[in-house]
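Given these sequences and hints, build the entire structure.
Chains as they are written, first to last, in the working numbering: chain A, 38 to 150; chain B, 1140 to 1254.
If you are wondering where the hints come from, they were derived from the structure by calculation, not from laboratory data.
Be aware that a few hints might be false.
Said to hold, decoys possible - Beta-carbon label-pair distances, calculated as ranges: (1) B:N1213 <-> A:N60: 39 to 45 Å; (2) A:L76 <-> B:S1212: 22 to 28 Å; (3) A:T147 <-> B:L1223: 28 to 34 Å; (4) B:T1240 <-> A:R118: 23 to 29 Å; (5) A:L76 <-> B:T1252: 20 to 26 Å; (6) A:T63 <-> B:P1141: 34 to 40 Å; (7) B:Q1153 <-> A:S46: 34 to 40 Å; (8) B:N1213 <-> A:R114: 36 to 42 Å; (9) B:N1167 <-> A:T63: 33 to 39 Å; (10) A:N60 <-> B:I1193: 29 to 35 Å.
Unchecked claim - Straight-line C-alpha distance at most 20 Å; calculated SDA-like pairs for lysine to any residue: (11) A:K40 <-> B:K1181; (12) A:K142 <-> B:S1197; (13) B:K1196 <-> B:K1217; (14) A:K145 <-> B:E1183; (15) B:K1181 <-> A:M47; (16) B:K1181 <-> A:N60; (17) A:K106 <-> A:P44.
From the three backbone atoms N, C-alpha and C, an ideal C-beta is built for every residue, glycine too.
The chain contents come next:
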Amino acid sequence: DAKTTQPNSMESNEEEPVHLPCNHSTISGTDYIHWYRQLPSQGPEYVIHGLTSNVNNRMASLAIAEDRKSSTLILHRATLRDAAVYYCILIPQRGGGSEKLVFGKGTKLTVNP
Amino acid sequence: EPEVTQTPSHQVTQMGQEVILRCVPISNHLYFYWYRQILGQKVEFLVSFYNNEISEKSEIFDDQFSVERPDGSNFTLKIRSTKLEDSAMYFCASNPLRGPTDTQYFGPGTRLTVL
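Spelled out as structure tokens, the structure:
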């Protein structure tokens, strides 16, 4: 399983943007980059995913480096509800590997009021 | 919005007892999973299930564990003889299709406490 590296923790103030980095220098050309988050005492929750191009959805934006060796999850205006552990996970294309999610330690985001 | 549900929310059992954790995946989903998270540790994959059979299992998923889809809606995880180290949050997940663009939807979890 391709490995990702994330900072253990980050802190932000409410209503400010947050940029959560992820390094995946051994990513293969067919790996998709997924982000999940886990709010306190809850199950993981999908946030966003991408392959090569930057992606936006109602929750966040995903910026993918041109060489795909890193990506950044962007929360445009952090709220207290965004306080969670954020996981960057690589998922291979069909036939290229397992369908399971391999969670690392993730980045614990603290949002200050 | 459809969601994955799990029961019970908290299960307390004595070491050596059998427990069954229940999940109701989202109705049109085809792939089902169990993960666990020991307190303070990472979320770990246990098993995936498709077309009424296990498609992959981890080293954690030994002979003490089994999964079943007894009807069209429930998906269960059985631990035959619980150990203290089985104490953890157990999460069920489902997704509609297998593939790298597919989202896994997680339930709220069952906290298993083995005494």
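Status of each hint after checking the structure:
1. B:N1213 <-> A:N60: 39 to 45 Å: holds (40 Å)
2. A:L76 <-> B:S1212: 22 to 28 Å: holds (26 Å)
3. A:T147 <-> B:L1223: 28 to 34 Å: holds (32 Å)
4. B:T1240 <-> A:R118: 23 to 29 Å: holds (26 Å)
5. A:L76 <-> B:T1252: 20 to 26 Å: The hinted range 20 to 26 Å holds for L76 of chain A and T1252 of chain B, with Cβ atoms some 22 Å apart.
6. A:T63 <-> B:P1141: 34 to 40 Å: With Cβ atoms ~36 Å apart, the hint holds.
7. B:Q1153 <-> A:S46: 34 to 40 Å: holds (37 Å)
8. B:N1213 <-> A:R114: 36 to 42 Å: holds (40 Å)
9. B:N1167 <-> A:T63: 33 to 39 Å: holds (35 Å)
10. A:N60 <-> B:I1193: 29 to 35 Å: Holds, since N60 of chain A and I1193 of chain B (Cβ atoms, about 33 Å apart) stay within the stated range.
11. A:K40 <-> B:K1181: holds (14 Å)
12. A:K142 <-> B:S1197: Cα-Cα ~18 Å, so holds.
13. B:K1196 <-> B:K1217: holds (14 Å)
14. A:K145 <-> B:E1183: holds (17 Å)
15. B:K1181 <-> A:M47: This hinted pair holds, its Cα atoms lying about 18 Å apart.
16. B:K1181 <-> A:N60: holds (18 Å)
17. A:K106 <-> A:P44: holds (15 Å)
Every hint from the earlier list agrees with this structure, and none is contradicted.
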